[in-house]
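S.K.: Here is what each chain is made of, one letter per residue.
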Amino acid sequence: MSEKRDETILFLPGEIGERALRARLVAGEDAAYRDCYQQYAPKLMRLLTGILRNKARAEEVLQETFIAAFRGIARFRGEVGIATWLARIATNRAYNAIRDDSCVKRTAPPPEPEPVSRFEPQVEGRDLARKVMVILDRMDPAKKLALLLQAQGYTVAEIAEISAEPRGTILARLSRSRAELSLRMAEAGLATQAIPASMEDRS
Amino acid sequence: MTDCLSLRERYFAPGVGNPTDPEWVDHLQTCAQCRLAYQGLPEVDRALAEVARLPASVPAFDTIAGAAAGAARNQRRRRVVRRSVPFLYTGLGTAALAAGLVAAVLIGRAHQLSPKLLAPGAEIQATGEARSAILGNGVRIRLEAGTLKLASASKETQSLLLPLGRVFVDVPKLPPGSTVSVRTPDAEVRVHGTRFAVIRTSKDTQVQVVEGVVEVRPEGIGRSVQTIRAGESATIGSAEAYREGLRHSTLAALDHGEFAAAEKQIGQLLGTSAEAGQQAEAQALLAWSLSARGKRTEAIQRYRQALTLLPEGQRRLWAENACAELAILVEQESPKDSALTWAECLRRFPDGVHAALARSRAHFTR
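Those protein sequences? They're chains F and R, same order as listed.
Once you know that position 178 of the first sequence is 178 in my numbering, the rest is easy, because the numbers rise by one and skip nothing.
If you want my numbering, it's the 1-based position in the second sequence plus 1000.
Please keep in mind that the hints were generated in silico from the structure rather than gathered at the bench.
Source: prediction; values computed, not measured.
Idealized CB from N, CA, C, for every residue including glycine.
There could be a bad hint or two in this list.
[Said to hold, decoys possible] A partial selection of chain F residues facing chain R, derived with a Cβ cut-off under 10 Å:
#1 Leu21
#2 Leu25
#3 Ala41
#4 Arg46
#5 Leu48
#6 Gly50
#7 Asn54
#8 Arg77
#9 Ala83
#10 Ile135
#11 Arg138
#12 Asp140
#13 Leu147
#14 Leu171
#15 Arg176
[To be verified] Estimated spans, in silico, between C-beta atoms of each pair:
#16 F:Asn92 with R:Gln1226: 44 to 52 Å
#17 R:Thr1179 with F:Glu79: 16 to 24 Å
#18 R:Val1213 with F:Ala142: 19 to 27 Å
#19 F:Arg77 with R:Thr1235: 49 to 57 Å
#20 R:Ser1154 with F:Glu79: 21 to 29 Å
#21 R:Asp1062 with F:Val134: 49 to 57 Å
#22 F:Arg77 with R:Gln1029: 48 to 56 Å
#23 F:Arg77 with R:Ala1119: 40 to 48 Å
#24 F:Ala31 with R:Asn1018: 46 to 54 Å
#25 F:Tyr95 with R:Pro1042: 26 to 34 Å
#26 R:Ala1119 with F:Asn96: 56 to 64 Å
Sequences and hints are given; from them, build the entire structure.
M.R.: Set out below in structure tokens:
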């Protein structure tokens, strides 16, 4: 097994690695499907958990996403990166899932807080992240998606591809969303900057 | 308020930095909301970075392994069928290739189509059965027969060497400036995104294009570049035959005193990747032509070059003639050096046709 792995190219950074992985997927190389999953699933899982706010549902959608992607690999022409392509499938399926849930009036369980170790060094950061997620939940879904994708490192062009909207629209939306999030964080006492005195007399 | 929205759209985008636009600076002085939102942006970026770091436990791949294996199987099947079809239209040779692919699947050898990485300098051989491989930039190759070597590989260029055999290459769309090439002893086939086959026999190189366009640069600077489109094929005569043709026409031109034409053809001959002995002979012919036109100094240089290029131990009649002519030219141009030149002729060709002359001249000019 290890011998076989030595002969395949994996995780080469950037376009070259992506093209090679795509070529292997298109060729039907078994190992490529596992590699693809291992490479892209964590990032997608974070995105889906952010959108759906339900771990079990996110896992379901993640699996559906990869199965759909693998079955449709022949239609993927490589115009966008694999991560972008997968994110587009994942977000579409996540919103379908949300729509289905609301149609059957299924009450979504409240967001599951993950157990936090008392000795974890990142506790403060995670606490901030969870509070921000609560704020994002209250924002417009399109704005929330744009911010979640930005958080995961997608560029404006990639977010435009994923959302199937023009880049200009996405850029404007991101700017507005960032402004709104900043104000909401300030209101929630999450901003470290002191609120200027002039804030008191809002006109 | 409209001002706020339009200005925020401009200055709250990710990566905008710290704008110094006076309009924006003035606005921040007067609008507390925008100032508050703007001051909080670093905190927004920090918070989003923390969101991206939230732990995500991913279900094991095994949960979808069955579906993935099914998709991979379908993909292999589809790939084989898709490849087979265009080949039916490109002649008997390629039809045999398609049949080979289908047969390979029928006898349950589909797993052998799994591509392997071809590292720079690595070589694969297809003896009896085809071999598949993949290059770092996603180019897929299938060697039907013979030997293939990845001669060089960089981010921009991947160069394959096919001394003899038949290879099918599937090149995805490449970034601008990137090329993939297959070199045979007769030609270089350069591509930017296509599917094609290269067949190198002992006589020539054949190129068959299935998709896209390829550029074929026959070996030798005097041969024109050919562009071959989908559905077309071309046969490029062997570089050896091309060189032999040039040699004959050069000799004929020299016989007729057409020195300019001869020198042009010698230039073309030297522009091919000829072996050292052939290059040496071409240099000697050029020297002969220059000498005939009275350009003795240049002729001497070329003769010396020819004799340097000729591997030690090779005794060729043209080389013996060249050595003697060099010595005679040196006698005329620089008599004091001629003894050494004759001595060199004797050393290299002690039993040559000019040995007696060399002995007497070496003694006479000493």
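S.K.: Does the interface hint hold: is Ala41 of chain F within less than 10 Å of chain R, judged Cβ to Cβ?
M.R.: Given a least distance of 4 Å, the restraint on Ala41 of chain F holds.
S.K.: Does Asn54 of chain F pass the interface check with chain R, least Cβ-Cβ distance below 10 Å?
M.R.: violated (13 Å)
S.K.: For the hint on Ile135 of chain F, just tell me whether its beta-carbon gets within less than 10 Å of chain R.
M.R.: holds (9 Å)
S.K.: Report holds or violated for the interface hint on Leu21 of chain F, using the least CB-CB distance to chain R and a cut-off of 10 Å.
M.R.: Holds, about 8 Å.
S.K.: How does the Cβ-Cβ distance of Asp1062 of chain R and Val134 of chain F compare with 49 to 57 Å: does it lie in that range?
M.R.: Violated, at about 34 Å.
S.K.: Confirm or reject the claim that Tyr95 of chain F and Pro1042 of chain R have a C-beta distance inside 26 to 34 Å.
M.R.: Hint holds: Cβ distance 31 Å, inside 26 to 34 Å.
S.K.: For the restraint on Leu25 of chain F, tell me whether the closest CB of chain R is nearer than 10 Å.
M.R.: Since the shortest Cβ distance to chain R is 7 Å, the answer is holds.
S.K.: Regarding Thr1179 of chain R and Glu79 of chain F, is the given constraint of 16 to 24 Å on their beta-carbon distance met?
M.R.: holds (21 Å)
S.K.: Do the Cβ positions of Val1213 of chain R and Ala142 of chain F conform to the proposed distance bound of 19 to 27 Å?
M.R.: Roughly 43 Å apart at Cβ, these two residues miss the hinted range, so it is violated.
S.K.: Going by Cβ atoms only, is Arg46 of chain F closer than 10 Å to chain R?
M.R.: Since chain R brings a Cβ to about 4 Å from Arg46 of chain F, closer than 10 Å, the hint holds.
S.K.: Verify the CB-CB distance for Arg77 of chain F and Thr1235 of chain R against the hinted window 49 to 57 Å.
M.R.: violated (33 Å)
S.K.: Holds or violated: is the Cβ of Arg138 of chain F closer than 10 Å to a Cβ in chain R?
M.R.: violated (15 Å)
Checked against the numbered hints above, the structure violates hints 7, 9, 11, 12, 18, 19, 21, 23, 26; every other hint is satisfied.
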